[in-house]
Amino acid sequence: MSFLEIDHVSFTYPRHDKPVLTDVDLHFDQGVITALVGPNGSGKTTLTRLMIGVLRPSCGEIRLERRPLVEYSLGEIGRRVGYVFQNPDLQLFCGSVAEEVGFGLANRGCKQETVMERVAFYLDYFELKDYADVFPLHLSQGEKQRLAIAAVLANDPLFLVLDEPTVGLDAYRKRLLEDYLKKISRSGRGMVLVSHDTAFVDRVAERVVILEKGRVIEDSGRKGKAADEA
Amino acid sequence: MVQGLTYRYQPGGPLVLKGIDFHVSRGEIVAVTGLSGCGKSTLCYCICGAFHHNRDGVMTGQVLLNGKNIRERRAASLALEVGMVFQDPDTQLFLPTVEDEIAFVPENLCLPSARIRERVEQVLDLLGLAALREANPHRLSGGEKHLVALAAVLALDPPVLILDEVMSQLDQLGKEKVAAALKRLRNMGKAIIAVEHNLEAVSLADRLLVMERGELLSCGRTAELLADRELMEARGLLYDPSGSAQDS
Chain S
124 MSFLEIDHVS FTYPRHDKPV LTDVDLHFDQ GVITALVGPN GSGKTTLTRL
174 MIGVLRPSCG EIRLERRPLV EYSLGEIGRR VGYVFQNPDL QLFCGSVAEE
224 VGFGLANRGC KQETVMERVA FYLDYFELKD YADVFPLHLS QGEKQRLAIA
274 AVLANDPLFL VLDEPTVGLD AYRKRLLEDY LKKISRSGRG MVLVSHDTAF
324 VDRVAERVVI LEKGRVIEDS GRKGKAADEA
Chain R
8 MVQGLTYRYQ PGGPLVLKGI DFHVSRGEIV AVTGLSGCGK STLCYCICGA
58 FHHNRDGVMT GQVLLNGKNI RERRAASLAL EVGMVFQDPD TQLFLPTVED
108 EIAFVPENLC LPSARIRERV EQVLDLLGLA ALREANPHRL SGGEKHLVAL
158 AAVLALDPPV LILDEVMSQL DQLGKEKVAA ALKRLRNMGK AIIAVEHNLE
208 AVSLADRLLV MERGELLSCG RTAELLADRE LMEARGLLYD PSGSAQDS
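If you read the sequences in order, they're chains S and R.
Start counting at 1 in the first sequence, then tack on 123, and there's your number in my numbering.
Start counting at 1 in the second sequence, then tack on 7, and there's your number in my numbering.
Next comes chain R alone, as it looks inside the complex (with noise of 0.2 Å):
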């Protein structure tokens, strides 16, 4: 749950979050779209707790998981029940195979080797990765990259997921099989916030969160919000295909 939330990047900036209230429950996931620079980046490093131990930042309002403030939490037991896959995931991987990438937590959670074998196959064949094991991930594409990153993450196993536009480089293939996921992972009873431009992609969350400017504009049943095609067009989130540039 987060509580008015706010956020500057230095004491006396700009306010880049401006009073954020919403929740995610267990088995649910959440859409977030708006503008790009209205905030959804950095709500969402407010969320895994990349942000409240940054010395140069001013975060007010909480986040609460499970009923705890993530203040007071550590950020490595943080990393163990909040997963994100960044907007770029060149951040986050580091390690000469996809299998290395992907049994690098579990590892480190020291887990029996059986397991963490049982967990990577999980993984790798939820995302249709097993023919890139051996790959080096900085050598594949965006998208296969955005995939290695999501499976690095899915096998941490984390009860809370965010994505930051993990479809955005995504081909066709890629989107099916991340949204078949999403929606295993959601019966999996997980919680799930996926920041998105894509309106076609947000439609399988269950509710969407609109962003402008740092403020929470709209927040509701996806199918409804996105029926709203004047509230669409007029916050700019709307690329018909069928119209031309200069009639929109």
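For reference, chain S alone in the conformation it holds in the complex (with noise of 0.2 Å):
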């Protein structure tokens, strides 16, 4: 059974006439990493904030570890599934980075102890230790980008879904989160990630989605050497 169902998912926005999302039938397991590509407009994101829970199905049903993800708050489904949005500015809001990749594992009642080691070692991964006590909109597009992604992964989500996380990174530390989502996903974790970074989906991506004009148009299935071993 796959941790997360989208059976024969639409979706239309409010006071509109036209759907943004047609007949869209996908299940994603652990420990795979789907790419989900497709022009600008494709309804990718769309269909990402539905997997979370902000957006409803006008039809058709989503399920997480086989519940059906209305019967979940928003709270719970959060605890499960880690999201980054496509622009930092809208996740980040604490006084300092420190704080910011702090935050989740503090309001989860974590000890002391344990959220200052794993921000110390999420400030650490991202290189973002200089900027420890900075306010986090003063960051540069690419810093923020690499907050908001340290900030969902020091929750240890079971799994996650990234919209667009390389923009604004550089080769570097694109290469540097490369290594961390392989890890994750080795360690059983699944994560489905929005992107029109072509290197990037090539290199990390077992499965790759693609979306046109709301429709899924294609399907590679698992591949590669993780769908040999699995």
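Hints may be right or wrong, so weigh each one.
[As the list claims (entries may be wrong)] Covered stretches of chain S (in silico footprint by chain R; criterion: 3 or more residues with CB under 8 Å from a CB of chain R, positions within the stretch not fixed):
id, stretch
1, 236–243
2, 264–273
[Unchecked claim] In silico lysine-lysine, DSS-like type, Cα no more than 27 Å apart, as pairs:
id, chain 1, residue 1, chain 2, residue 2
3, S, LYS141, R, LYS182
4, S, LYS252, R, LYS182
5, R, LYS25, S, LYS336
6, R, LYS182, S, LYS336
Keep in mind that the hints were calculated from the coordinates and are not lab data.
Ideal Cβ positions, reconstructed from N, Cα and C, are used throughout, including at glycine.
Can you join these two chains into the complex? Each is in its own frame, and there are hints to help.
Okay, here's the thing in structure tokens:
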């Protein structure tokens, strides 16, 4: 049984006639990195917002760990599925970079030592140590992007949805992100990656789903070494 | 022309730009690349005049536009000559339709309505946005927003264009449209500065500037610098689709 199931989902924004998504039927497993690609405006971001419950399907159903997503609170979904927004400004709100990375952990009641240890690890890995006390919105776009990713990963979610995670990242930081995503995928967690960065998708994704005009036009299925081992 | 430009966000704070010197001519595209946080966007803000009135920031050196120091220019008059597309298009889109967004500046310049319509149609056509003319810019995808922000700046028809990572969220077709538009604008004599991480996207530039920690590390013909894989690799700017992460 898949971790996240999108069952014949269609979606139309309120007061709009044209559907953004039509009959999308996709299942996502743990341990697999899936790239969601397609032209601008094809409905990729809308689909990811449906996956985390901030939008609800006009028809069809989404299930998370076999339970309908509508039965979860947003908090319960957030503890299971980490979401990195296309625009990091939308998810940064704390007074400092360190606070931002530790916010989710502290609010889940983790011990202060654990929070500090995890914050130190992620600040170090994503090379944000020098900015620990800086106000997040004063960072450059690439630094904000790294911070948004670090803050989501620090919560150790079961599944990840990343919307254009490489925007603003230089090649060196893309490689760091690539290594980390592959590592957590190997540990059994699944993820959906929306990206126009074909080089990154080629290197990271085991499965590629192509959306066009709100419909799935191609699904490669799981491929490569990981699929052979599975 | 940029001469000895330095910038600090606060007095006594760290230098974000450390003496940058370069020039851009009419009919030339200059790309700027470098690791994130190296000062590329700060450089753009300094050139477009957004920072020289910032009371907290400390800027030294000078930015000359047609030989005149931009510090002596009012922000409103400078905006007519230097158009900038920001890295985050949400910061510059605020009207209810794409068409309104593009028409905003020409309307505020009190151009005749026929001329405004003509400019709007020209840029809608140039960037392939005609089908989205009635759409709400805030409801568009990230890539489409970037195209609308670029269209709104092009409607101003400024002689100098600064583009901060406009290609980053575009699909292949969008990238091709923007590349074609930039080549056309170059032929029209515009001076274009484009910040990019994607080395494929910088290849259309005539010259490439590589920045590192606020300094200008290299400046030269784009093809020559891109061919110097050792330099690009050493500076962390090469993302090779064929290699493995562990190798690099």
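Taking the hints in turn, this is what the structure says about them:
Counting residues of the stretch 236–243 of chain S whose CB falls under 8 Å from any CB of chain R gives 0; the rule of at least 3 is not met. Under the rule that three or more residues need a Cβ within less than 8 Å of chain R, the assignment of the stretch 264–273 of chain S holds, with 5 such residues. Between the alpha carbons of LYS141(S) and LYS182(R) the distance comes to roughly 26 Å, so the proposed pair stays at or under 27 Å and holds. Annotation: proposed proximity of LYS252(S) to LYS182(R) is violated, straight-line Cα distance about 35 Å (limit 27 Å).
Between LYS25(R) and LYS336(S) the CA atoms are separated by roughly 47 Å; this puts the pair beyond 27 Å, and the hint is violated. Between LYS182(R) and LYS336(S) the CA atoms are separated by roughly 19 Å; this keeps the pair inside 27 Å, and the hint holds.
Of the hints listed earlier, those the structure fails to meet are numbers 1, 4, 5, in rising order.
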